[in-house]
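Participant: So you can see what is in the structure, the chains are spelled out below.
Protein chains: 2
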Amino acid sequence: MLAGIGLMPHGNPVLEPEDEETRKLAEVLKEIGRTFSDVDSYVLVSPHNARMSDHLGVVLAENLVSWLPFEGKEIPGEWKTDRGLAEKIYRVEKEAGMPVVDLNFASLRGEYSRWPLSWGELIPLSFLKKKPLVLITPSRGVSRETLVKFGEVLGDVLDMEEKKVALIISADHGHGHSENGPYGKVKESEEYDKLIMELINGNRIEELPKLPEELVRKALVDSYWGMLIMLGAMRKAEFELRTSAYACPTYFGMAGALWVRKG
Amino acid sequence: MLAGIGLMPHGNPVLEPEDEETRKLAEVLKEIGRTFSDVDSYVLVSPHNARMSDHLGVVLAENLVSWLPFEGKEIPGEWKTDRGLAEKIYRVEKEAGMPVVDLNFASLRGEYSRWPLSWGELIPLSFLKKKPLVLITPSRGVSRETLVKFGEVLGDVLDMEEKKVALIISADHGHGHSENGPYGKVKESEEYDKLIMELINGNRIEELPKLPEELVRKALVDSYWGMLIMLGAMRKAEFELRTSAYACPTYFGMAGALWVRKG
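One line per chain: the protein sequences are A and B, in this order. Quick note: the first sequence uses the numbering used here, first residue 87, plus one each step. Quick note: the second sequence uses the numbering used here, first residue 87, plus one each step.
Worth flagging that the hints you see were computed from the coordinates, not collected in a lab. For clarity, every value in this text was computed on a predicted model and none was experimentally measured. Just so you know, even glycine gets a beta-carbon here, dropped at the ideal spot from N, CA and C. Take the hints with a grain of salt, since some may be wrong.
[Stated by the list, open to error] Here are some of the chain A residues that sit facing chain B, going by a computed Cβ distance under 7 Å:
1) Arg137
2) Met138
3) Ser139
4) His141
5) Ser152
6) Val187
7) Asp188
8) Asn190
9) Ala192
10) Gly196
11) Pro202
12) Ser204
13) Ile286
Kindly generate the complete structure, drawing on both the sequences and the hints.
Facilitator: Shown next as structure tokens:
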């Protein structure tokens with residue numbers, strides 16, 4: 087059963103918040119962690135792991151290992167893949183005609199079956215109680231319809247699953263919020279982030295697929311494709327927004343949101 | 087231009103040979119290194135990197151980073167991807183209808199565009215002068231015909247390439263050579279390894295696709311699928327065998343072979 091959804095940022099500032107907004111955001115992330123402390127597994131969708139032009143990936147490697155920090159912010163650790171659930175998701179997505187590959191590394195089983203994690207996974211995971219997980223990698227070259235459909239199929243699998251599972255979407259939003267940032271200041275970043283928070287807080291996530299292509303591109307986000315998967319999965323049951331927050335302490339926008347299943 | 091081909095093992099014993107056969111094998115590996123010391127780039131096909139059921143992979147990540155040793159035998163180092171050649175190979179294979187994905191990690195460009203290496207790449211690379219490379223991952227779930235075709239398309243790309251490129255096939259053979267090994271002793275390992283050396287030394291690589299499925303499976307090898315790619319690539323020009331050797335100091339068979347382009 088899909089117990090709920092956490093939209094979580096992966097920017098270093100949430101680890102040691104230096105302003106009030108970021109502190110509030112970190113509180114939301116901690117609440118996501120507490121709320122999902124009783125689930126059996128996570129499904130984690132991250133834009134900073136394997137990146138393929140036109141295929142999504144489901145990691146089957148048994149051991150998920152901290153590897154690549156951002157700006158030297160090490161978050162050591164190892165996690166276990168929920169291999170049974172990962173295999174099920176891969177198989178059902180494949181049968182549904184989705185462009186998806188299974189990802190393993192070195193060996194198919196055992197201690198040498200390992201997969202590296204980046205800050206894209208490690209920062210959300212640092213707010214979550216350690217549990218087995220299924221790591222999924224979205225793709226920007228796949229159509230919006232396909233990403234939503236992938237999410238629907240994922241929602242179906244989780245709906246039939248006896249285990250309680252939380253879906254975690256790792257996502258940062260506009261990256262052009264500061265003259266001093268690597269991408270400078272672009273108005274679309276502000277526009278996108280404002281709109282995303284309106285869709286979240288106004289229960290209007292269904293409008294995501296209608297966002298103009300140009301806005302998404304110019305806003306320099308990594309959130310959009312994972313959130314389309316989230317939308318698909320959320321269609322399979324009713325969820326209510328428990329809390330949300332937004333902060334932009336540096337050059338990129340970060341959002342946290344927690345939805346829990348109704349009833 | 088495809089300047090030549092090196093078939094290279096990835097077993098720790100070649101790093102510190104303890105018997106005469108393994109020493110001779112290590113000499114062949116060193117000769118491969120010397121012979122290819124003037125090429126511009128390598129294309130390296132490895133069975134112990136990303137493993138996908140039904141897709142081959144071409145790594146586009148810019149930085150290839152030592153990550154996973156076997157039995158603790160660390161071989162530190164970083165290599166650069168020949169990104170231009172990698173993109174060309176991925177594009178042409180894709181256009182030829184091959185089941186292939188491009189593999190990147192974390193970021194599409196720059197210092198955070200990284201990909202992990204295992205012993206499967208690190209041991210062959212430790213005998214080769216440091217140069218840019220293209221890492222390709224084969225797949226066991228793809229038909230023999232498709233693997234040979236993938237090799238032919240690869241051969242076409244390299245044939246039109248101005249750079250001098252060496253193709254390196256990382257491969258170990260039967261893994262059932264010892265009662266004390268993890269897979270015990272199986273007669274097919276001996277049979278497969280004997281046959282492979284006959285095909286190599288008798289200029290009969292074209293017979294590879296005819297090997298019985300059952301023999302390949304029972305022999306417990308990781309060489310077969312990469313060697314089918316090698317066969318395809320070798321069809322695009324004439325090559326002569328310069329040297330070869332075989333050793334089996336522990337439970338798995340290792341072969342080295344060097345082919346150079348004729349004329």
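Participant: Hints first: check each against the structure and report whether it holds.
Facilitator: So, going through the hints one by one against the coordinates:
1. The beta carbon of arginine 137 of chain A comes within 4 Å of a beta carbon in chain B, closer than 7 Å, and the hint placing it at the interface holds.
2. The interface hint given for methionine 138 of chain A holds, since its Cβ lies 5 Å from the closest Cβ of chain B, which is under the 7 Å cut-off.
3. Checking serine 139 of chain A against chain B: minimum C-beta separation of about 5 Å stays under 7 Å; hint holds.
4. Interface hint at histidine 141 of chain A: satisfied, since its Cβ lies 5 Å from the closest Cβ of chain B, which is below the 7 Å cut-off.
5. For serine 152 of chain A, the shortest C-beta to C-beta distance to chain B is roughly 12 Å, which exceeds 7 Å, and the interface hint is violated.
6. Interface hint status for valine 187 of chain A: upheld, as the beta-carbon distance to the closest one in chain B is roughly 5 Å, under 7 Å.
7. A cut of 7 Å between beta carbons decides the hint on aspartate 188 of chain A: the least distance to chain B is about 5 Å, and the hint holds.
8. Contact between asparagine 190 of chain A and chain B, as hinted, is supported at the beta carbon level, the nearest pair being about 4 Å apart and thus within 7 Å.
9. With its C-beta approaching chain B no nearer than about 4 Å, alanine 192 of chain A sits inside the 7 Å limit, and its interface hint holds.
10. Hint on glycine 196 of chain A is violated. Least Cβ distance to chain B is approximately 10 Å, over the 7 Å limit.
11. The interface hint given for proline 202 of chain A holds, since its Cβ lies 5 Å from the closest Cβ of chain B, which is under the 7 Å cut-off.
12. Annotation: interface hint on serine 204 of chain A holds; nearest CB of chain B at approximately 4 Å, less than 7 Å.
13. Of the supplied interface hints, the one on isoleucine 286 of chain A is violated, with its beta-carbon coming no nearer than about 26 Å to a beta-carbon of chain B, more than 7 Å.
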